[in-house]
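Model the full assembly from the supplied sequences, consistent with the hints where possible.
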Amino acid sequence: MNVHEYQAKELMREFGISVLKGGIANTPAEAVEVAKKLDTKVWVVKAQIHAGGRGKGGGVKLAKSLDEVEKYAKEILGMQLVTHQTGPEGKKVLKVLIEQGCDIDHEYYCGIVLDRVTGQNTFMVSIEGGMDIEKVAHDTPEKIIKAHINPATGFTPAVGRKLGYALGLKGETLNKAIKFFDGLYKLYTQKDCSIAEINPLVTTKTGDVLALDGKLNFDDNALFRHPEIEAMRDVTEESAQELEAGKFGLSYISLDGNIGCLVNGAGLAMGTLDILKIHGGTPANFLDVGGGATKETVQKAFSIILEDKNVKAILVNIFGGIMKCDIIANGVVDAAKELSLKVPLIVRLEGTNVALGKKILSESGLKITAANDLADAAQKAVAAAKGAK
Amino acid sequence: MAILINRNTRLITIGLTGKQGTFHTLQSRDYGTNVVGGVTPGKGGTIHEGIPVFNTAYEAIKETGANAAMVFVPPAFAADSIIECIEAEMPLIIAITEGIPIQDMIKVKAMLKGSKSRLIGPNCPGVITPGECKIGIMPGHIHMPGNVGVISRSGTLTYEAVFQLTQREIGQSTCVGIGGDPVNGTNFIDILEMFEKDPDTKAVIMIGEIGGTAETEAARWIKKNMTKPVVSFIAGAAAPKGKRMGHAGAIISGEDDSAEAKFKVLQECGVTIARSPAELGQKVAEVLKK
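Protein chains in written order, with this note's numbering: chain Z, 106 to 494; chain W, 550 to 839.
Any given hint could turn out to be false.
[As the list claims (entries may be wrong)] Here are the simulated lysine to any residue pairs, SDA-like style, with alpha carbons at most 25 Å apart: (1) W:LYS662 <-> Z:VAL222; (2) Z:LYS275 <-> Z:LYS296; (3) W:LYS658 <-> Z:LYS141; (4) Z:LYS126 <-> Z:GLY312; (5) Z:LYS197 <-> W:GLY791; (6) Z:LYS142 <-> Z:SER123; (7) Z:LYS248 <-> Z:LEU279; (8) W:LYS568 <-> W:HIS597; (9) W:LYS658 <-> Z:GLN225; (10) Z:LYS296 <-> W:ASP629; (11) W:LYS658 <-> Z:THR258; (12) Z:LYS382 <-> W:LYS792; (13) Z:LYS463 <-> W:LYS665; (14) Z:LYS161 <-> Z:ASP208; (15) W:LYS662 <-> Z:PRO256; (16) Z:LYS267 <-> Z:ILE238; (17) W:LYS790 <-> Z:SER344; (18) Z:LYS251 <-> W:ASP805; (19) W:LYS792 <-> Z:THR191; (20) W:LYS665 <-> Z:VAL222; (21) W:LYS658 <-> W:TYR607; (22) W:LYS777 <-> W:PRO694; (23) W:LYS751 <-> W:LYS665; (24) Z:LYS382 <-> W:ALA810; (25) Z:LYS463 <-> W:GLN716; (26) Z:LYS248 <-> Z:GLN190; (27) Z:LYS248 <-> W:GLU804; (28) Z:LYS161 <-> Z:ASP237; (29) W:LYS813 <-> Z:ASP220; (30) W:LYS792 <-> Z:LEU360; (31) Z:LYS382 <-> W:LYS790; (32) Z:LYS464 <-> W:HIS690; (33) Z:LYS141 <-> Z:GLY160; (34) Z:LYS400 <-> W:GLN569; (35) Z:LYS281 <-> Z:CYS207; (36) Z:LYS429 <-> W:GLN576; (37) Z:LYS291 <-> W:LYS839; (38) W:LYS838 <-> W:ILE552; (39) Z:LYS296 <-> W:ALA625.
These are computed hints drawn from the structure, not numbers from a lab.
Shown next, in the form of structure tokens:
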């Protein structure tokens, strides 16, 4: 789960991480009110959307007067902000963060991620702050300094010194940076983050160490123990279909093709998209009904797939393990009847209770194309989608 | 021979008395697995479906001489159960549970280092040595005993591969699901090493997916150490970047962890590639003929 920059900064404050004073606004008038309360000569007006690259897209402006705060808030609120992470359609800005300005001395990068190779939380810092860190990692990997954290000790001052000296910090600034890293690590582990990224982390002319920007992602599997994080969810930032699917234990991702897919198991669901592409088709979605699907969830899956008007054919690919083929078959038949399915339906069943499942389908009176195996299913689905008008 | 589990495996189920725990333990027992006990705190001393129940893993191991544990505990408590098994020095722990928080698994991973335990999973279908022992949720009937080892990050895709093999009357030595989570107990290389040493295994299928670099590291290890042929498929060539494809670990974050990048390294390291998951059985048949 993602949160906005302003929410990430609220969490940082809780953990003693220095951020600039600021407040959130939904209208230009509110923006001016927030700005008035900040003791500063310059303000930064920042679009709040779940995507990076906001500055380049025109979503971050420096205001030198309250009039400018209002003017920029007016411009940014409601705009369709396009960045390299939003896709060409962009994202509508509904909130702006108004922050006091600061005298930046230097910009750095600081992040914590999971290192999947060692299975440890890992700090990454760089003197190349404010840049696209993936580009830095690719072009100049030597400019990224890493430190693994042993879960038995957690963050130690030694780790802090390693990172701080690598950035060339010294004296009081170094001490402040170590405190900053310590706070960030505590936030990361205690709130079950999956990514924490401060880009840029800045040192100021007055010797402060601040998070100028902040991005936090959270481990979906740990949200059960963080209702306070769940409460930060902004549903306007998420796909309505994906959220709806999630409520029914379905894992759904919308894609831009025309063959709807209903599969059990994440691996087989990915494999199904792959094989459709190999045979010249384009999948309309990824959908894993999971191992515990019932007749009702299969019906729900169908209705979500059919909400996508690009869908020209549906491929059901089930390898019954825990999931029994007859349960899927019943769900498919009911859904097809209830939704009066118009698009061609191709079904491939294998595994537990396959004979019973096939019997249910063939006796349903529905026009269902049965497929013998994975390749056959893909070929038939691609042909059906191409044949459909 | 096979690897990890066989006729001599003595299994306990952690979370035995739950619905899933009961169902899959009985399925495993029906397949022929020697189920010697179960653990559910508070139900120690009772008998569940003919299986003695204990309050703790320590007690269960002491009383039954179990040498393998299957974990069916809900995600919020699963890491605690795995840690209990590690402290009780259980040699083999197979965690089926999906959805364990990453920070919990980081602690488990640290505890495994230098311990007497091997963890398979979590978020995996389990392990089966066809005809001898099944620990997990895979449908037993699609397997047949034989000489092909199978390792995979995915459940249903493993069934698909096994099914294609069995249809061609190519049996399997052992099938291992290492799980779809970003932090797991056992990686491809650990299992490849076991298959390389196992006289009953003649070839290996390795099924990977997008996310992480485990397959690339495995490919380099294969090039250096493996004498047996390996056939590999990577799921997710059609997946968009930055989207989590069902599995917690299946997400393309950079250039190295896409399906294309992994296929490329695997090929360079002499692994036989199946671009389509429907070709796995056929490719294995081909390498076995050579």
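Unsatisfied constraints (hint numbers, rising): 2, 3, 13, 23, 37
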